[in-house]
Amino acid sequence: MELRVIEKTDTELSIEIAGEDHTFMNVLKGALLESEGVEAATYDVNPEQSGGQTEPILTVKTQEDVDALDALEAGADRVMEKADDFRSAYEAA
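Residue numbers (our numbering): 1 to 93.
These aren't lab readings, by the way, just hints derived from the structure by calculation. Ideal Cβ positions, reconstructed from N, Cα and C, are used throughout, including at glycine. No false leads were mixed into what you were given.
When the alpha-carbon atoms are kept at most 20 angstroms apart in a straight line, the in silico SDA-like pairs for lysine to any residue are as follows: (1) Lys-8 with Glu-39; (2) Lys-61 with Ala-74; (3) Lys-8 with Asp-67; (4) Lys-61 with Ile-17; (5) Lys-61 with Asp-77; (6) Lys-8 with Ala-40; (7) Lys-8 with Ala-76; (8) Lys-82 with Val-27; (9) Lys-8 with Ser-35; (10) Lys-61 with Leu-3; (11) Lys-82 with Gly-30; (12) Lys-61 with Thr-11; (13) Lys-82 with Glu-20; (14) Lys-8 with Asp-44.
Okay, the calculated beta carbon distance ranges per label pair: (15) Leu-33 with Lys-8: 16 to 22 angstroms; (16) Glu-7 with Tyr-90: 34 to 40 angstroms; (17) Thr-54 with Leu-33: 22 to 28 angstroms; (18) Glu-12 with Glu-91: 38 to 44 angstroms; (19) Asp-84 with Glu-64: 28 to 34 angstroms; (20) Asp-70 with Glu-91: 28 to 34 angstroms; (21) Met-1 with Leu-33: 16 to 22 angstroms; (22) Asp-84 with Leu-33: 16 to 22 angstroms; (23) Arg-87 with Asp-67: 28 to 34 angstroms; (24) Ala-92 with Glu-16: 34 to 40 angstroms; (25) Glu-64 with Ala-89: 36 to 42 angstroms; (26) Asp-44 with Asp-65: 23 to 29 angstroms.
Generate the whole structure from the sequences, applying the supplied hints.
Below is the structure:
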């Protein structure tokens, strides 16, 4: 996985996440939307609407008191927690 910051302000982050598809991006987006202080999270992989870009670009918008990069880190942590919970439940079944 390769990350490239496209645009960053205190409350907004657009980042390219190379090598990922809808499966991972939907999980990450969902975790971000569950995070406190995140106002919006979306991604785009449509080359026709993105000037030929084919790698997903994640955009996160946060409230004034939440840094967008911190929100992304919290969202990624949440994804890992969910994966660990699933693995534990699977192994217990």
